[in-house]
Amino acid sequence: MNKKQLFVWASPVLIIFLLACSTLTGGGGVGENEAGGEENEIEIIKEPIRQWASTASASSEYGSESWSAKQATGAPNTTECADSVDAWASLTYADGIEWLEVGFATPVVPTQINIHETYYPGQVVTVEVRDESGNLQTVWQGEAYVESQCPRVFTVDVTGIDYKVTSVKISLDQSAANYWGELDAVELVGTP
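Residue numbering for the sequence shown follows my numbering, beginning at 189 and increasing consecutively.
Just so you know, these hints were derived from the structure itself, not from any lab.
For clarity, every value in this text was computed on a predicted model and none was experimentally measured.
Glycine residues also receive a C-beta, built at the ideal position from the N, C-alpha and C atoms.
Everything hinted at is true.
Computed spacing ranges between beta-carbons, pair by pair: (1) G262 / K352: 20 to 28 Å; (2) K234 / V341: 18 to 26 Å; (3) I233 / Y351: 15 to 23 Å.
Take these sequences, add in the hints, and give me the full structure.
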């Protein structure tokens with residue numbers, strides 16, 4: 189193929205390429221848009237991070253190993269509706285509000301919290317998130333009741349929080365069931 193034949197063959201390919209670039213950028217030329225020649229913005233979509241609690245503390249614990257706050261760390265390991273040594277339980281159910289606070293390895297902007305309730309579910313009355321400065325913000329509040337579905341995953345969809353959080357604090361009012369509510373695991377879903 190001589191230079192003239194190569195030019196005749198390559199010209200239409202070059203024109204098609206330039207037209208395609210113009211179409212992909214949305215307007216009058218490569219890198220331009222219809223609003224006046226500025227480059228288009230690209231929205232970066234961040235994949236959500238799903239993580240289980242890595243640390244835990246509580247207002248009280250039924251035991252130092254069994255039923256302790258650390259039993260609520262990691263993925264769920266209680267699959268039945270039962271009193272389980274592998275879930276957190278407070279020292280007593282008759283002393284008013286009890287709480288469990290779980291921490292996470294990676295701070296995220298929260299979108300969802302999944303609480304695995306494995307014994308007398310429905311006693312969660314407040315869910316709060318703690319920011320990197322230590323401030324708490326309530327993301328869900330309700331009344332205690334006895335839930336018939338057991339075990340269950342209580343899901344809180346989080347809206348209105350645009351900053352990273354490091355932990356989740358869950359408060360229980362066990363007076364509705366007049367018995368222990370047990371939590372096996374807490375999952376935090378959010379964006380980096």
